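2 protein chains.
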Amino acid sequence: MQIDPALFEENERTAPLAECRQILATGPFQCETGAVLEQVDIAYETWGELSSTRDNAILVCHALTGDAHAIGWWERLIGPGKPIDTDQFFVIGVNVLGGCQGSTGPSSLASDGRRYNLRFPIITIGDMVEAQARLLDHLGIDRLYAAAGGSMGGMQVLEWTCRFPNRIQKAFITASCAAHSAMQIGFNETARQSIMQDPRWHGGDYEPDQGPVGGLSVARMLGHLSFLSDSAFTAKFGRRLQGKDQFSYGFETEFQVESYLRYQGDKFTKRFDANSLLYVTKAIDYYERASLAAAQAEFLFTSFTSDWLYPTYQSEAMHQMALEAGLQSQHHIIDLPYGHDAFLLDAVHQGRLVQDFLS
Amino acid sequence: MQIDPALFEENERTAPLAECRQILATGPFQCETGAVLEQVDIAYETWGELSSTRDNAILVCHALTGDAHAIGWWERLIGPGKPIDTDQFFVIGVNVLGGCQGSTGPSSLASDGRRYNLRFPIITIGDMVEAQARLLDHLGIDRLYAAAGGSMGGMQVLEWTCRFPNRIQKAFITASCAAHSAMQIGFNETARQSIMQDPRWHGGDYEPDQGPVGGLSVARMLGHLSFLSDSAFTAKFGRRLQGKDQFSYGFETEFQVESYLRYQGDKFTKRFDANSLLYVTKAIDYYERASLAAAQAEFLFTSFTSDWLYPTYQSEAMHQMALEAGLQSQHHIIDLPYGHDAFLLDAVHQGRLVQDFLS
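If you're matching them up, the sequences are chains A and B in order.
If you count the first sequence from 1, you need to add 131 to reach our numbering.
If you count the second sequence from 1, you need to add 131 to reach our numbering.
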């Protein structure tokens, strides 16, 4: 399999255009833990037209650090004439509860006018889904034609099928799982500790411009290590040096891969709140579904051979759970070298499967 | 393959007993970069008796954070009656140049009475090997019967065969490579940034008890993530909770794997110098051998199917380099689920191969 390095330039889109984003204020919200948020805002975007029978809505759920601008980070799958065709479907992107791109999260202001920070309650994947259901109520959509998501987005879709079996017809879940393994929890915990061990974290009470930028950037570097595969790193960087012909023998950047990771880490600190990363990773780690007995949807699972963060056996386990529940289900293992990022990059194989699944 | 969780308890031995350790003061040392250290100490230990013909010496080279006490961290392979048999061989363990367990490194005192810290020059795998050669001169050993090492220790052994082809007969190299890949460099760079982004690092000028403990502990957590395999993490921890029956829904430890990683990170800060980790990881990343044309040794390579940090293809590449140089060489891929740590844990398969190789 030849790797096209140019593909990797595209794997992280910029933040959503604020003018496209809408905010729904939904009032008080009781979390799965019992904690109550006095007011929850939900940031969302839509593309396409809702049909007169309101039966063509597709909800797109984002991964760890994504946002409501699904047509940006999943541009290969969503758009006019694309597998999730905005000429045909009414597509909804939503920022998760606990996030930091418009929806209520730890960086939001509480009723006392101060940021929640660590006063924010622990939220779950179920809470994210409940918030999305409120948005559908607001939009007048009783039942989704489909929900789609990868990684943490896939967990939300899986939870949709169990929590609201009557409100979702089809579920497309890629590069995801029904419960984090010990190693996946370990990666998340190391990212959390990177933030929490930074003295600038201050127990979560930092000013927005004085946060734990060092720890947050290292957490993101760790993320990028886990998003690609060994072969993808080799294809993209090898041992090539950054802007030099020979070693400088020092702690400045020598290799291109160092420059890439530092750049990704630094860039992330300008768009993401450290406390949000703590809350969202915890929601992922807590998530666990051992059965799809409650579900009624039809499933499409895809996974990627080179994805060592969300290995293919986890998608196979979800597929088997669907079959055991007597549901229609497909699982396709796609042989691509891009690692976990493949779910964002692959329009060809995954795209065809999604198009068929939605038709 | 059944996994014995008890094995994992053993994979990191305590620091060497100071009373066993000897220090050789070797005078000035010119590094590969041209920098000169005014005085280099080499910490070492020996076991067994040097034969009258001085032809039974085996040098054991340690990995990233190991030390001269090889009979501790490699107790499964070294000892009386063990594959590297101290009843038969004179076994030498050496702390690397740049380390912090007796040999000169960045935490050593320079001639001005202050710690080197970042005034220490960049050192290379070649420098580590040159320092070891001085020790052999001191011990009156012209030629090693063998050298043995895993991971970074394997790089030192490989370098021995090229730099001193007349001084080494056999080379046992396990779970190692001839040059770090982009992903391996990426893991090291993330560990380095974890230290350097900690405000307590202070450009490397910290007091020994006021160093970047947070960043150093996260760097070690990252290391442990890469030392085990997905299946090893699952076998050892699964999703089991730490000292509780149900979630606490907070940022304290929930899962056993979180407790394990935090413990390993914290413990590491009490035994290892943060600057040393920077220097030793740089030495690894710089290392590159594209040919064994200069070598004359006989090689034994082992690698492990579940080791994703040092994948088996890297050992195969070294084996092919040895064959291309017309040298005797074997490469055995061992199917064990322990990840990179397998090179420390496997006495059975690896042990038998080593015993045969040395006999």
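The hints are simulated quantities; they were obtained by calculation from the structure and are not laboratory data.
If you're wondering where the values come from, they're calculated on a predicted model, not measured in any experiment.
Cβ coordinates follow ideal geometry from the N, Cα and C atoms, glycine included.
There could be a bad hint or two in this list.
Partner residues are not named here, just some residues of chain A that face chain B (Cβ under 10 Å, in silico) [what the hints assert, rightly or not]: (1) C293; (2) N297; (3) M327; (4) T365.
Non-contacting residues of chain A with respect to chain B, defined by C-beta distances greater than 10 Å in every case (computed) [what the hints assert, rightly or not]: (5) R207; (6) L240; (7) L356; (8) G381.
* Asked: For which of the previously enumerated hints does the structure constitute a violation, in increasing order of number?
  -> When the structure is compared with the hints, numbers 1, 2, 7 and 8 turn out to be violated.
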